[in-house]
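**Student:** Residue numbers (the working numbering), protein chains in the order written: chain A, 1 to 195; chain B, 1 to 196.
Read the hints as simulated data drawn from the structure, not as lab findings.
The model shown is predicted, which means the values in this text are computed figures rather than measured ones.
Glycine included, each C-beta is placed from N, C-alpha and C at the ideal position.
One thing to keep in mind: the hints can contain errors.
[Unchecked claim] Listed next, the in silico DSS-like pairs over lysine-lysine satisfying Cα-Cα at most 27 Å (straight line):
| no. | chain 1 | residue 1 | chain 2 | residue 2 |
| --- | --- | --- | --- | --- |
| 1 | A | LYS195 | B | LYS136 |
| 2 | B | LYS82 | A | LYS195 |
| 3 | A | LYS195 | B | LYS140 |
| 4 | A | LYS107 | A | LYS82 |
| 5 | B | LYS7 | A | LYS195 |
| 6 | A | LYS45 | A | LYS116 |
| 7 | B | LYS98 | A | LYS5 |
| 8 | B | LYS136 | A | LYS34 |
| 9 | A | LYS82 | A | LYS34 |
| 10 | B | LYS136 | B | LYS98 |
| 11 | B | LYS7 | A | LYS5 |
| 12 | B | LYS98 | A | LYS34 |
| 13 | A | LYS45 | A | LYS5 |
[Stated by the list, open to error] Rough simulated footprint, nothing fancy, chain A against chain B, three-plus residues with beta-carbon under 8 Å:
| no. | region |
| --- | --- |
| 14 | 2 to 16 |
| 15 | 46 to 58 |
| 16 | 79 to 87 |
| 17 | 104 to 115 |
| 18 | 142 to 148 |
[Said to hold, decoys possible] Pair by pair, the computed Cβ-Cβ distance ranges are:
| no. | chain 1 | residue 1 | chain 2 | residue 2 | range |
| --- | --- | --- | --- | --- | --- |
| 19 | B | THR171 | A | ASP61 | 23 to 29 Å |
| 20 | A | THR165 | B | THR171 | 52 to 58 Å |
| 21 | A | THR165 | B | ARG48 | 50 to 56 Å |
| 22 | A | LYS195 | B | ALA61 | 20 to 26 Å |
| 23 | A | ALA178 | B | THR4 | 18 to 24 Å |
| 24 | B | GLY131 | A | LEU6 | 25 to 31 Å |
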Amino acid sequence: MEMKKLMQKIHLYTGLGLLTFVLMYFFTGLVLIKHDWFPDKDPDKNTRVEQVRIPAALDVDETGAWIADRFSLGGQPQPPQKLDDGRVRYRFFRPGANLTAVLNADKRSVQIETAKLDFRRTMIGYHRIHGYRGNIVWLLWGLMYDLASAGCILFAVSGVWIWATARERDRVSWAMLATGVGFTLAMVLYLMLTK
Amino acid sequence: MRKTLSKIHIWLGLLCAPYMIIFGFSSLHFSHDFSFIDAGEYTVSWERQLDAVADTTDDGALAERVRLALDLDGWIPWWLYKRGDDNSFRFQVDRPAKRYKVRVNPARTHASVEEARQGPLVVLNSLHALGSVPGKPFTKFWSYYTYISVLFVLFAGGSGVYFWSRSRNETLIGWLLLAGVSGGSLLLMIFAWIRG
Numbered sequence: 001m002e003m004k005k006l007m008q009k010i011h012l013y014t015g016l017g018l019l020t021f022v023l024m025y026f027f028t029g030l031v032l033i034k035h036d037w038f039p040d041k042d043p044d045k046n047t048r049v050e051q052v053r054i055p056a057a058l059d060v061d062e063t064g065a066w067i068a069d070r071f072s073l074g075g076q077p078q079p080p081q082k083l084d085d086g087r088v089r090y091r092f093f094r095p096g097a098n099l100t101a102v103l104n105a106d107k108r109s110v111q112i113e114t115a116k117l118d119f120r121r122t123m124i125g126y127h128r129i130h131g132y133r134g135n136i137v138w139l140l141w142g143l144m145y146d147l148a149s150a151g152c153i154l155f156a157v158s159g160v161w162i163w164a165t166a167r168e169r170d171r172v173s174w175a176m177l178a179t180g181v182g183f184t185l186a187m188v189l190y191l192m193l194t195k
Numbered sequence: 001m002r003k004t005l006s007k008i009h010i011w012l013g014l015l016c017a018p019y020m021i022i023f024g025f026s027s028l029h030f031s032h033d034f035s036f037i038d039a040g041e042y043t044v045s046w047e048r049q050l051d052a053v054a055d056t057t058d059d060g061a062l063a064e065r066v067r068l069a070l071d072l073d074g075w076i077p078w079w080l081y082k083r084g085d086d087n088s089f090r091f092q093v094d095r096p097a098k099r100y101k102v103r104v105n106p107a108r109t110h111a112s113v114e115e116a117r118q119g120p121l122v123v124l125n126s127l128h129a130l131g132s133v134p135g136k137p138f139t140k141f142w143s144y145y146t147y148i149s150v151l152f153v154l155f156a157g158g159s160g161v162y163f164w165s166r167s168r169n170e171t172l173i174g175w176l177l178l179a180g181v182s183g184g185s186l187l188l189m190i191f192a193w194i195r196g
């Protein structure tokens, strides 16, 4: 297959296949940077204390997974934090909700806080969640995140390639490409070379 | 109509291609924390006498006064203020490409600065969502470029599907990708929100 056709296929396939994820990242990015368009609201919080009997053989990470499973917390697990007073804080995040479980030092009770997030924080959650941690949902999410990220690069490179090998290239196109590349280089140099 | 849409798609696409590459690359770095990104960083140290920096118990105000006296540009993270037992004061000034660790003596007459100069890949990464940097007026144009790029991607999604739907090429695989992968992604997002 000739290179140009291959690039056209890459442009089309990455565009159609990753459309939803890429659009989601750019829309949620807009929500993130335009705070004045999308103001925050304080989350609705709900706290409860549960008695637990943690199996003795479990380590800190396994205990977090056990608590999440026992109380159906869901969400992507974040690294546990050991507090100075001996308690351990586990956080589980998913778009729309932030769940925190604090295990007492005696390991007999756990305080669970559920915070329901507003539109802005939910969108930011979609934007920020990444990595390969947690159950199959989050592993799949991590894969789609990586594919969408690589797709952005492929989409841009293949688009420029298709334009560069087209029969006609007007002056406006050249000006646009030169502006984009020149401005990016100028910004990098401006940041690196000025005080 | 189609010709006009096609021209806008190509023109804005060429303008925003560098941002899309930076966005994709930096997103991969967020997920995988590539070690090669930090290559090229080095530190230099320097000292300077300060003229008339009025002391105050307000850490934020003191850090800002010293930053201005030293003519440094960037944000001052409030969680990194630190006062020593001898009333010396430490803080940090951050911006893409530079990070300054500043120590001011108890008399507020002398500053020692450790300046970390980051490599070009760290700087490129920081362009993922760069706002206006204090003291660096040119950086506000990057946020305009970011807005244009975001709006272009939203437009490119719609116009790209429109171009594909009007052509007769790649119909089956196109539908499979659009309905299967993109549709499946939408279901994954909804599922993550409800049950994830």
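**Student:** All hints are to be evaluated individually against the structure, with a verdict given for each.
**Tutor:** Verification of the supplied hints:
1. Distance restraint check for LYS195/A and LYS136/B: the Cα-Cα separation of roughly 10 Å lies within the 27 Å cut-off, and the hinted pair is therefore satisfied.
2. Simply put, LYS82/B and LYS195/A have alpha-carbon atoms about 24 Å apart, close enough for the 27 Å limit, and the pair holds.
3. Restraint check: the Cα-Cα separation between LYS195/A and LYS140/B comes to about 17 Å, which is no more than 27 Å; the hinted pair holds.
4. Taking the CA atoms of LYS107/A and LYS82/A, the gap is about 13 Å. The hint holds against a cut of 27 Å.
5. The straight-line distance between the Cα atoms of LYS7/B and LYS195/A is roughly 40 Å, outside the 27 Å bound, and the hint therefore fails.
6. For the given pair, LYS45/A sits about 6 Å from LYS116/A by alpha-carbon distance, which is consistent with the 27 Å threshold.
7. With a C-alpha separation of about 43 Å, the suggested pairing of LYS98/B with LYS5/A is violated against the 27 Å cut-off.
8. Distance hint between LYS136/B and LYS34/A is fulfilled; the C-alpha atoms sit about 20 Å from each other, no more than 27 Å.
9. A threshold of 27 Å between alpha carbons decides the hint, and for LYS82/A with LYS34/A the separation of about 35 Å lies outside it, so the pair is violated.
10. With a C-alpha separation of about 12 Å, the suggested pairing of LYS136/B with LYS98/B holds against the 27 Å cut-off.
11. The suggested pairing of LYS7/B with LYS5/A holds, with an alpha-carbon distance near 20 Å, which does not exceed 27 Å.
12. This hinted pair checks out: LYS98/B and LYS34/A have alpha carbons roughly 25 Å apart, not beyond 27 Å.
13. In summary, the hint linking LYS45/A to LYS5/A is not supported, as the alpha carbons are separated by about 54 Å, beyond the 27 Å threshold.
14. A stretch counts as covered by a chain when three or more of its residues have a beta carbon under 8 Å from one of that chain; for the region 2 to 16 of chain B and chain A the count is 8, and the coverage holds.
15. Restraint check on the region 46 to 58 of chain B versus chain A: 0 residues with Cβ-Cβ distances below 8 Å, three needed, restraint violated.
16. Counting residues of the region 79 to 87 of chain B whose C-beta sits closer than 8 Å to any C-beta of chain A gives 0, which falls short of three, so the coverage hint is violated.
17. Coverage of the region 104 to 115 of chain B by chain A is violated [criterion: at least 3 residues with CB-CB distance below 8 Å; count 0].
18. For a cut-off of 8 Å, the count of residues in the region 142 to 148 of chain B with a CB near a CB of chain A stands at 5, and the three-residue condition holds.
19. At roughly 48 Å, the beta carbons of THR171/B and ASP61/A sit outside the given window of 23 to 29 Å.
20. Checked against the given bound of 52 to 58 Å, the beta carbons of THR165/A and THR171/B, roughly 24 Å apart, lie outside it.
21. Checked against the given bound of 50 to 56 Å, the beta carbons of THR165/A and ARG48/B, roughly 55 Å apart, stay inside it.
22. A C-beta distance of roughly 23 Å is found between LYS195/A and ALA61/B, which places it inside the suggested range of 20 to 26 Å.
23. The hinted window of 18 to 24 Å between ALA178/A and THR4/B holds, with their beta carbons roughly 22 Å apart.
24. Hint check: GLY131/B to LEU6/A, Cβ distance near 38 Å, so the stated range 25 to 31 Å is violated.
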